[in-house]
Amino acid sequence: MVKTGGHLIPTKIETLTKDVPRNKEIIKEIVHSTWPAVSAPDPDGDGPGVPGKPFQAQAIIANPVSYGHIHVAERLGVPLHIMFPQPWVPTMAFPHPLANMPYTDELRKTNYMSYKMVDLLMWQGTEGLINEFRTKVLKLRKIRNGDGGRDLLLDLQIPHAFMWKLEMFLGRDGGPDLRRFSGRWCWRIRWLLP
Numbered sequence: 599m600v601k602t603g604g605h606l607i608p609t610k611i612e613t614l615t616k617d618v619p620r621n622k623e624i625i626k627e628i629v630h631s632t633w634p635a636v637s638a639p640d641p642d643g644d645g646p647g648v649p650g651k652p653f654q655a656q657a658i659i660a661n662p663v664s665y666g667h668i669h670v671a672e673r674l675g676v677p678l679h680i681m682f683p684q685p686w687v688p689t690m691a692f693p694h695p696l697a698n699m700p701y702t703d704e705l706r707k708t709n710y711m712s713y714k715m716v717d718l719l720m721w722q723g724t725e726g727l728i729n730e731f732r733t734k735v736l737k738l739r740k741i742r743n744g745d746g747g748r749d750l751l752l753d754l755q756i757p758h759a760f761m762w763k764l765e766m767f768l769g770r771d772g773g774p775d776l777r778r779f780s781g782r783w784c785w786r787i788r789w790l791l792p
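So in the working numbering, spot 120 of the sequence shown is number 718, and the numbers just go up one at a time.
Worth flagging that the hints you see were computed from the coordinates, not collected in a lab.
Every residue gets a Cβ at the ideal spot worked out from N, C-alpha and C, and that includes glycine.
Warning: the hint list may mix true and false statements.
[To be verified] Within a straight-line C-alpha distance of at most 27 Å, the following computed BS3-like cross-link-like pairs (lysine-lysine) qualify:
| no. | residue 1 | residue 2 |
| --- | --- | --- |
| 1 | Lys622 | Lys714 |
| 2 | Lys714 | Lys610 |
| 3 | Lys737 | Lys651 |
| 4 | Lys626 | Lys714 |
[Said to hold, decoys possible] Using C-beta positions, here's what the derived DEER-type ranges look like:
| no. | residue 1 | residue 2 | range |
| --- | --- | --- | --- |
| 5 | Leu705 | Lys651 | 47 to 57 Å |
| 6 | Pro646 | Thr708 | 48 to 58 Å |
| 7 | Gln684 | Pro652 | 27 to 37 Å |
Let's have the full structure, built from the sequences with the hints guiding it.
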């Protein structure tokens, strides 16, 4: 996003040919890291280089951009909860953080559609690696056309918690019922304060 000036779709050919493949590889690494995160012992759990006890998550709390969360939750049959400091479900109040659009109330429908477009573009770019992860690593069936791969979190009504105040939405758009607003999360650390 830094190299593309905040644009989801690169505008320079060199970015398309060099950075997009590298970024897809990074996303693949992130997706593949989600399975051991919920099913493997801590590699240093009993000391440096000494694996800990066997582990299997009973619930998953994830960042939306880890992308593998819903698939590993399906494989384990455990609940999933998404938590993030930015809006990440469709709303008329704000555009998607990756949409590179102005934050204005005048573009309410456009704001809402920006989430659908970003999700569609992300799904088109990651569908192959997600399906490979599902079939080869998790032994799940692939997500077929028509299964709504880009909207799984919304279609399955996965709860989301956002780390900002509901007041940011008052008078704007309440959004889907799956959203919860927890307010700011911060700890008062004495040595950080003047």
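ask   = Which numbered hints are broken by the structure, listed smallest first?
value = The structure conflicts with no hint, since it agrees with every one listed earlier.
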